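Build out the structure end to end from the sequences listed, making use of the hints.
First to last, the sequence lines map onto chains A, B and C. Under the working numbering, think of the first position of the first sequence as 1, with each following residue one higher. Under the working numbering, think of the first position of the second sequence as 297, with each following residue one higher. Under the working numbering, think of the first position of the third sequence as 688, with each following residue one higher.
Calculated from the structure, these hints are not laboratory results. You can trust all of the hints, since none of them are fake.
Cut-off 27 angstroms, straight-line C-alpha distance, at most; resulting in silico cross-link-like pairs (DSSO-like, lysine-lysine):
id	chain 1	residue 1	chain 2	residue 2
1	B	Lys325	B	Lys627
2	B	Lys391	C	Lys969
3	A	Lys97	C	Lys892
4	B	Lys325	C	Lys969
5	B	Lys663	B	Lys585
6	B	Lys663	B	Lys482
7	B	Lys362	B	Lys391
8	B	Lys325	B	Lys619
9	B	Lys391	B	Lys325
All of these numbers come straight from a predicted model, not from anything done at the bench.
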Amino acid sequence: MGMIDYIQFVLAPQVINGLALGTAVVLVALGLTIIFGLLDVINMSHGEFYAVGAFAALSLGVAGVNFWVLIALVPILMIPLGILVERLLIQRVFDGKDRHVSTLLLTLGLSLIIEDLLKAVFGPNTHSIQAPVTGALELFGVIVPNYRLLLIVIGAAIVCMIAFVIYRTRLGAVVRAAAFDRNMTASLGVPVAWVYAGTFALGVSLAGVAGVLLAPLYSVFPTMGRDFILLAFSVVIVGGMGSIWGAVIAGIFLTQVQALASLVISPVWTDPIVFGTMVAFLMFRPQGLFGRLGHA
Amino acid sequence: MRNIRHGIAQVLFLGALASTQSFAQESIKIGVVTPLSGTYAGVGQPVRWGLELAAQEINDAGGIGKRKVVLIFEDEEANPSVAVQKAERLFQVEKVDFLTGMVNSGSTLAVGQLGERNNKLVSTTVSFADSITGDKCSPNVFRVNARAEQQSNALTYWIGKERPGSRVFAIGPDYEMGRSSVAAFKAGAAKNKVETVGEVFVPLDSKDYSQFFGQVRASRPDTIYTSVAGNDTVRLLGQLNEFGILRGVQIVGSSGTITSQNIAAVGKASEGYVTGSGYSPKIDSPENKKFVAAFRAMFKTDPDLFAADSYGLLYAYKAAVEKAGSVETDKVREALRGLSWQTPQGQKTIRAGDHQASQSMYIVKIKEGQFDVVGQVPADDAIGPDVCARF
Amino acid sequence: MHDRQSRVMRTNHVLMMLFVGGALVSSALGIASGDTFYLRLGTEALIFGGLALSVDLLLGYTGVLSLGQALYFGVGAYASALVLLHVPSFSLAMIAAGVASLVSSILGGLIANRVRGVYFTLITMGLAQVVAKIVYNSRELGASDGIIGIPIIKIGLGAASVSTADPAGFFLVVLGIIVALYVFLAYLLETPFGRVLIALKANEKRVPFLGYSVWRARMVAYVLAGVIAGLSGALYPMLRGFVSPELMFFMTSGNGVISTLLGGTGTLVGALYGSVLLVVIKSAVGSWTEHHLVVIGLLFMCSVLFLPRGLLGIVHPWLQQALSRKPPPEDVRRHVPISDARS
Chain A
1 MGMIDYIQFV LAPQVINGLA LGTAVVLVAL GLTIIFGLLD VINMSHGEFY
51 AVGAFAALSL GVAGVNFWVL IALVPILMIP LGILVERLLI QRVFDGKDRH
101 VSTLLLTLGL SLIIEDLLKA VFGPNTHSIQ APVTGALELF GVIVPNYRLL
151 LIVIGAAIVC MIAFVIYRTR LGAVVRAAAF DRNMTASLGV PVAWVYAGTF
201 ALGVSLAGVA GVLLAPLYSV FPTMGRDFIL LAFSVVIVGG MGSIWGAVIA
251 GIFLTQVQAL ASLVISPVWT DPIVFGTMVA FLMFRPQGLF GRLGHA
Chain B
297 MRNIRHGIAQ VLFLGALAST QSFAQESIKI GVVTPLSGTY AGVGQPVRWG
347 LELAAQEIND AGGIGKRKVV LIFEDEEANP SVAVQKAERL FQVEKVDFLT
397 GMVNSGSTLA VGQLGERNNK LVSTTVSFAD SITGDKCSPN VFRVNARAEQ
447 QSNALTYWIG KERPGSRVFA IGPDYEMGRS SVAAFKAGAA KNKVETVGEV
497 FVPLDSKDYS QFFGQVRASR PDTIYTSVAG NDTVRLLGQL NEFGILRGVQ
547 IVGSSGTITS QNIAAVGKAS EGYVTGSGYS PKIDSPENKK FVAAFRAMFK
597 TDPDLFAADS YGLLYAYKAA VEKAGSVETD KVREALRGLS WQTPQGQKTI
647 RAGDHQASQS MYIVKIKEGQ FDVVGQVPAD DAIGPDVCAR F
Chain C
688 MHDRQSRVMR TNHVLMMLFV GGALVSSALG IASGDTFYLR LGTEALIFGG
738 LALSVDLLLG YTGVLSLGQA LYFGVGAYAS ALVLLHVPSF SLAMIAAGVA
788 SLVSSILGGL IANRVRGVYF TLITMGLAQV VAKIVYNSRE LGASDGIIGI
838 PIIKIGLGAA SVSTADPAGF FLVVLGIIVA LYVFLAYLLE TPFGRVLIAL
888 KANEKRVPFL GYSVWRARMV AYVLAGVIAG LSGALYPMLR GFVSPELMFF
938 MTSGNGVIST LLGGTGTLVG ALYGSVLLVV IKSAVGSWTE HHLVVIGLLF
988 MCSVLFLPRG LLGIVHPWLQ QALSRKPPPE DVRRHVPISD ARS
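Rendered as structure tokens:
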């Protein structure tokens, strides 16, 4: 294959597709990093909330709701779910010494339940959702489906919105303060318990919106939560727990590594490479690229 | 604690009672270890349905040698460790006479070995790994469904005849089964003078296949072969379609790639898909029409490959037991060897040398979500040589 | 040493003796009724109990959660299987499994022990997943089908020999091995090294000030846990005649953690009770519904929320009280039992 051919058929598409996949991973990891960074809670059931978002889109879509509406509706519907989980379950183990371990185990149990419930309600088979836009654009001989471009745009918009809210609004300041020093913030009159619940709900609804956006690409089935979980955790760790920009950069970086590595070596080795990158960071720069949200 | 499946056995029993048949002696128990939960639950369900329909029909007609058939189900979760545990329970505690239902090849092999150790016979109706009746064959394991080699031979025969000179690009899942199915396809294709211009192996459960499309496009194929399955199929075909690669390209693949479990999700991208399969609900024969009608009446949906093969198994067992005059393992084994019987797919014969059923294979093409039959390949052309050396 | 910990261990020994007693009684019943299935099911529960034991060593005593012990269990199982395919020798298989798991847990430990807490957990989970995938794709190891055809062997015990196909006999052999592992661990925990591990769980930051190397202690504990998991895994192909990559999957590690938590973290014997309990629950619930994961998930969550010391935690305190020779010291400072998994 000639050089031009290579770039046109292989390299460029790889990079662009890696970008679309990267946006997907960033959205999932974003919720996780917020929950971990702000609440210091390990949410092993994050993947299942991603699945819940996709299934919600599936059922509402079948009921006739327009896809564009779903992008906003599903995360809103997931907020009460997140608040419920946080108040009823996470709060109880939050104050123990082994918060990380207990939240990890608790959410692990939760993930088993959610996955099985999804299977019970929707059956084990796969479902698909039609993308709202079809067709593909041809840029310099590289084919890029329109929906993926849209995904990159919407994903970027969501990330910017979240970053704006967290770093530039008063609400965001309150949330960061509560993460940094809970007692001090409480003494300033902030209802910290609700802030925590709300933050968890935010993280969970981000997973949900990722589920909606990705459903037309990756289809909907009960075990879909497991697809992303290790990659999402890797992104969170490499990017730095709680760092939004870290999640973005790490997400794009790791997916590019994965996409480009599969060009040179057998794809089955890309997982170990991603994992190896995570391990390397943990060993040599454990705070990741950008450290914690509360301690920016 | 009566479970739902025992409930079904109860219903069968009551149904049999109601049809004023008097059953002499105790019933014949058939254990079914099949995935009822987990990723393969969608396959376990048609297996169960096919067996239940056959059992009901057999019991309504007097049972096997005047003994009623009772099915006992256990969930194997598609995990060989669980399958073996449940199978052992069925052999030792429920004392079943015969066992079937296994779906993935790991489970079939492990349960087959257990059957040997318990001196009981087992059969699979779904697993299509060639090794099960090939190099890992067992004197206690039978297979009534077509194996990968038969599917592949049927398909390459059709491609050679209908589309000579095609340029095929193969996309296989990166694990043992995937690699061997692609290798078998390439060999068969070469024999039929069809060129394979490229191949790529994708990790199982890949979300995004777009990273491989560059290679596909660069080879400029007119046919794409794939042996992915389940969710992977939905994603692969959906994404191929999304990128416009399917335009003007013929998609072919293994029969497990698009099944009744995922065809709805694959949607329009499945249009025109061709495969070599052991069954299609549209087979135009009186046995099949009767089977499809009965299946629809009982389960409100069309039968598929797994249901048909499972249904056929029970009749094979019936024929063998009646021929042997007993359920004793050695006698039934002898009776099964070389047995020919009628199934919705036509006549099947179990080859004595490796316990593999031989049948005519159908070329199935998907049109508007239906599995149309566009060709047929005779049994002997489809089945390969007997490579079983253990007995 | 006579401290709170030894009092706790004494309680564990009593519970262990109860467990063994129960096992012996059940096996007698099994032999008498000519049962095979339940004895072998029990043997399987004991084998996975060994895996749970390795989880407890790390979680209950060293204070680190490993979600990847199934990796070493699988390594042991595959090593044992490969040996048995060629040489039907029990001791060789066990030695091979021990060596293989020793080497792999040293490698794994070098990677995982650089970090602590949840990062450690994530690395162990990732390691298991990555290796399991490699095994799943290796034709030499049977790929996704695993390896079948592991023969039935005879285990020589002095004059007599027990066949692995003998349900009661093999059950007793496995019971013996698990008891031996327990005794070894119990002895270990009584030594100064054992106390260092417990100190690690109680307050890792202080340990270096006492002159001990945290890293060294954790490595030893991790490797020990890996070997225990590997030796238990080695028994699996002897029982079932095959091995498959599912033995290394996350669900296997998860089951080990669930067993430990249900039984009671930090008691060693809790892991064994938990494993038996899990097998019973799965069997019972599995017969009435396909959705047994919901039940197990709920039980697990309730255990984390309400029974942090597991089911044994219900009887532990009063048993401890009953066994101690003097009443617990009344102290100004709030005394909390070291084996408390959560405080």
